[in-house]
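Enquirer: Chains as they are written, first to last, in the working numbering: chain E, 4 to 464; chain S, 4 to 464.
It is worth saying that the hints were derived from the structure and are not from the lab.
Accuracy of the hints is not assured; some may be wrong.
Treat identical chains as interchangeable: a pair holds within one or across any two.
Unchecked claim - Once the Cα atoms are required to be at most 25 angstroms apart in a straight line, the calculated BS3-like pairs of lysine-lysine come out as: (1) Lys420 / Lys372; (2) Lys253 / Lys199; (3) Lys167 / Lys111; (4) Lys298 / Lys461; (5) Lys19 / Lys44; (6) Lys447 / Lys200.
Chain residues, written in single-letter form:
Number of protein chains: 2
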Amino acid sequence: MPIMNLPKEKIPKKLKNGEIKVAVFGLGRIGLPTALLFAEKGVIVYGVDTQKSIVELIKAGNAHIDEPSLAELLKKVLENNNFFITSDSRDAMNKSDVAIICVPTPVKADKVPDYSNIIQVCNMGLRYLKRDDLIIVESTISPGTIENVMIPLIETNTGLKAGKDYGIACCPERANPGQIITNFRSTPRIIGGYTKKSTEITTALYQYITDAEIIQVSNDRTACAVKLTENIFRDVNIALFNELAILYEKLGLDIIEIIEAASTKWNFQPHYPGAGVGGPCLPANPYYLIQEAIKVGFVPYLIRMAREINDRMPQHIIELTLEALNQAEKSVKNAKIAILGVTYKPNVHDFQLSPAISIIQILTQLKAKLSIYDPLIRQEDISQLNFLQESNCMQSLEMAVKDSDCIIIITAHDEFKRIKLENLKKMTATPLIIVDGRNIFNLKEIPTDIIYIGVGRKKLM
Amino acid sequence: MPIMNLPKEKIPKKLKNGEIKVAVFGLGRIGLPTALLFAEKGVIVYGVDTQKSIVELIKAGNAHIDEPSLAELLKKVLENNNFFITSDSRDAMNKSDVAIICVPTPVKADKVPDYSNIIQVCNMGLRYLKRDDLIIVESTISPGTIENVMIPLIETNTGLKAGKDYGIACCPERANPGQIITNFRSTPRIIGGYTKKSTEITTALYQYITDAEIIQVSNDRTACAVKLTENIFRDVNIALFNELAILYEKLGLDIIEIIEAASTKWNFQPHYPGAGVGGPCLPANPYYLIQEAIKVGFVPYLIRMAREINDRMPQHIIELTLEALNQAEKSVKNAKIAILGVTYKPNVHDFQLSPAISIIQILTQLKAKLSIYDPLIRQEDISQLNFLQESNCMQSLEMAVKDSDCIIIITAHDEFKRIKLENLKKMTATPLIIVDGRNIFNLKEIPTDIIYIGVGRKKLM
Chain E
4 MPIMNLPKEK IPKKLKNGEI KVAVFGLGRI GLPTALLFAE KGVIVYGVDT
54 QKSIVELIKA GNAHIDEPSL AELLKKVLEN NNFFITSDSR DAMNKSDVAI
104 ICVPTPVKAD KVPDYSNIIQ VCNMGLRYLK RDDLIIVEST ISPGTIENVM
154 IPLIETNTGL KAGKDYGIAC CPERANPGQI ITNFRSTPRI IGGYTKKSTE
204 ITTALYQYIT DAEIIQVSND RTACAVKLTE NIFRDVNIAL FNELAILYEK
254 LGLDIIEIIE AASTKWNFQP HYPGAGVGGP CLPANPYYLI QEAIKVGFVP
304 YLIRMAREIN DRMPQHIIEL TLEALNQAEK SVKNAKIAIL GVTYKPNVHD
354 FQLSPAISII QILTQLKAKL SIYDPLIRQE DISQLNFLQE SNCMQSLEMA
404 VKDSDCIIII TAHDEFKRIK LENLKKMTAT PLIIVDGRNI FNLKEIPTDI
454 IYIGVGRKKL M
Chain S
4 MPIMNLPKEK IPKKLKNGEI KVAVFGLGRI GLPTALLFAE KGVIVYGVDT
54 QKSIVELIKA GNAHIDEPSL AELLKKVLEN NNFFITSDSR DAMNKSDVAI
104 ICVPTPVKAD KVPDYSNIIQ VCNMGLRYLK RDDLIIVEST ISPGTIENVM
154 IPLIETNTGL KAGKDYGIAC CPERANPGQI ITNFRSTPRI IGGYTKKSTE
204 ITTALYQYIT DAEIIQVSND RTACAVKLTE NIFRDVNIAL FNELAILYEK
254 LGLDIIEIIE AASTKWNFQP HYPGAGVGGP CLPANPYYLI QEAIKVGFVP
304 YLIRMAREIN DRMPQHIIEL TLEALNQAEK SVKNAKIAIL GVTYKPNVHD
354 FQLSPAISII QILTQLKAKL SIYDPLIRQE DISQLNFLQE SNCMQSLEMA
404 VKDSDCIIII TAHDEFKRIK LENLKKMTAT PLIIVDGRNI FNLKEIPTDI
454 IYIGVGRKKL M
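Let the sequences and hints guide you as you build the complete structure.
Expert: See below:
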């Protein structure tokens, strides 16, 4: 069913009766939920992933990503027999009318955007694009990527012309890991097409799976820019409070007290300093816009500076650790240091670009004796990660902190927030030294015989 | 009545019966409302200003600053005979138990904080400080100014020791010009004293005049930092959107459309680009913290960069003007350019550090023929301001725009928002060229025969 030829009013019925079929490329934290939401509504969905192990896992009903209610949704959808998981992108594309691109768009080590997954989809699945099909990009990309990367490749591979022969639109995911299903159901979607028709048909598709508001913007480039602007806003604000944190440490002030007081002003929005900014989005997205800016001869200094400040926070944690140990006349070398938290944020398994990685690497270089504990990290990840050694990774908080000279908190997992410092003291060397990379403790409740340094506040002995 | 010796519970009664008297130093946009709020509640207040003309004006019942409900409040208070306006700081201080400091704290041309008004109060009024008096600083100062500037001067002048012989606290004003009285009545106050006792007594005083929440913080330095953090947050965010605006102009995107779409995300807070950041607070406050940072060997690059970006926006308006005129094959030299708006923000008289100043200066250097109109600027200001010539200043919008080649909007006054572009076209040269420094027009409603450039968006012909 050539979807781009349909009046938008007909879309819901044709989705329902199986005349319009959807292929989702990339079955990761965005693609799998997206595929499931369409399949849940009875749409015939082909979920495509090049990693055969992931295909097999999902086929067997095992969600390889951990999101609230995802496992149940997968189970329910698989019972309906309208969700086909495959690594055969040709077959999926041949059978589908819509291709939704949900592949990851990270940055390379030199901070240049890595579009290889997007390019691979253009060269593999989209090679089989048919006239009047529709392509929707949920992956985060910079404005211009559709025009400058995707459309030329698609035309080379298929001879089809964007806007004329097929539709293409950007509908960036705006979901927060740990709340992805909820966000997909309730957070407004931003949709911008290469043509007005692409915007309209894409809108009709998403209206079928969500009750949330749909914001139509002028074009695909605007939609891409909205997504990047949102995450850059967060990254810059976190950087501001990281910068203020370092200053307020030097001025002997408590940044958490300051943020809480400032939050009583009508136009202030609190953001918090910390051990660093990780995950799939914030450390990567700004570089997508930075690179696009540099191409047009403009350097967005503020945005780039913010990235540099946030990227430097793990190093600041090392400096705080050196200072805290120094107070107790200890060196990092041979100190027993417990690392609490490896994942990039609380209560998720994901450790992508986590500040823990470089903190562990630097402390290892400095010859600290590390014991690492994270209640969320998975055993299979530990064996894969070259910055973790199985011998360092502990099975419990108690094992990790036993006899430690210093405890560094990198992730604000709920388990860590429940720590009672008076109990902890009994397990560690004396004095207990805490470097609190997430300010999880109440400064006023720190026992006087503990050396405590948070990010942006200190209580030395 | 030595206020620092009183239990806090006794403060309200002693304020009411005139045993505790208050001197307010500086009767500007903060000091006059502060004095009136105390006087309104029956407190005996001495309002001190070194400018005798201001003293005479206020005495005669003329509020020299324009704030909603201020004139009525002044009139009402003067009838009660408990508000004494004077330039005799010695007499005021001799008669009072509390000194509230509300003098302006601007920056010098080289962006170094200008504490001369604070120093003057220390050397004049506070020279007559008595044992167990209380000093409260509402002026915006950096953390450490009380300890490093005020306390040493006061000790030299009086021999009295802070904390021991007298109380001193910081209660920074958090009011938005144009809403000062409302903010004073309803926005939570932040209070931090040099000692706990100073915090408590200051709290009791402000509880007497406001129903708003009072947030007690650890010390005066923290209270100062809260105020600076709030305004730095705003300045940095405006800078971020100014930077994005310049980029999105180059990418052919509309930043207003992007901000509106991004605002549908739960954790995004909109800020807007513009012709520049003016007024008494935002262009000055960040430098107070920057200078304090440099003293402790730390450069807050992000905060400084934000200031530089915002300070450069008037220059960007000039660039947009050159580009817009160029489209119509015109030069700035000899072009008739109408400047709409001189004050630093909508619907206020204040032109302090307004971006209009440098825009007018640069255009004058480029030999444009300027006609300037601002419905809010006062005649007495025009004759004082060296960047304005009376011959350039028009009495109406129509007179200003008549036959103009280009119209630059610098302030989003309500009168300008009501402009109908179809009517405007008839009064100006053809094509009508608009440089919209505040994005007051709806891009979709711009007639096709107008050259329109906003900050962060363009509609060229």
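Enquirer: Could you run down the list of hints and mark each one as holding or not?
Expert: Results of checking the hints against the structure:
1. Lys420 / Lys372: within (24 angstroms within a copy, 66 angstroms between copies)
2. Lys253 / Lys199: between (54 angstroms within a copy, 23 angstroms between copies)
3. Lys167 / Lys111: So Lys167 and Lys111 fail the 25 angstroms test inside a copy (34 angstroms) and across (60 angstroms) alike.
4. Lys298 / Lys461: between (43 angstroms within a copy, 20 angstroms between copies)
5. Lys19 / Lys44: within (7 angstroms within a copy, 69 angstroms between copies)
6. Lys447 / Lys200: between (59 angstroms within a copy, 19 angstroms between copies)
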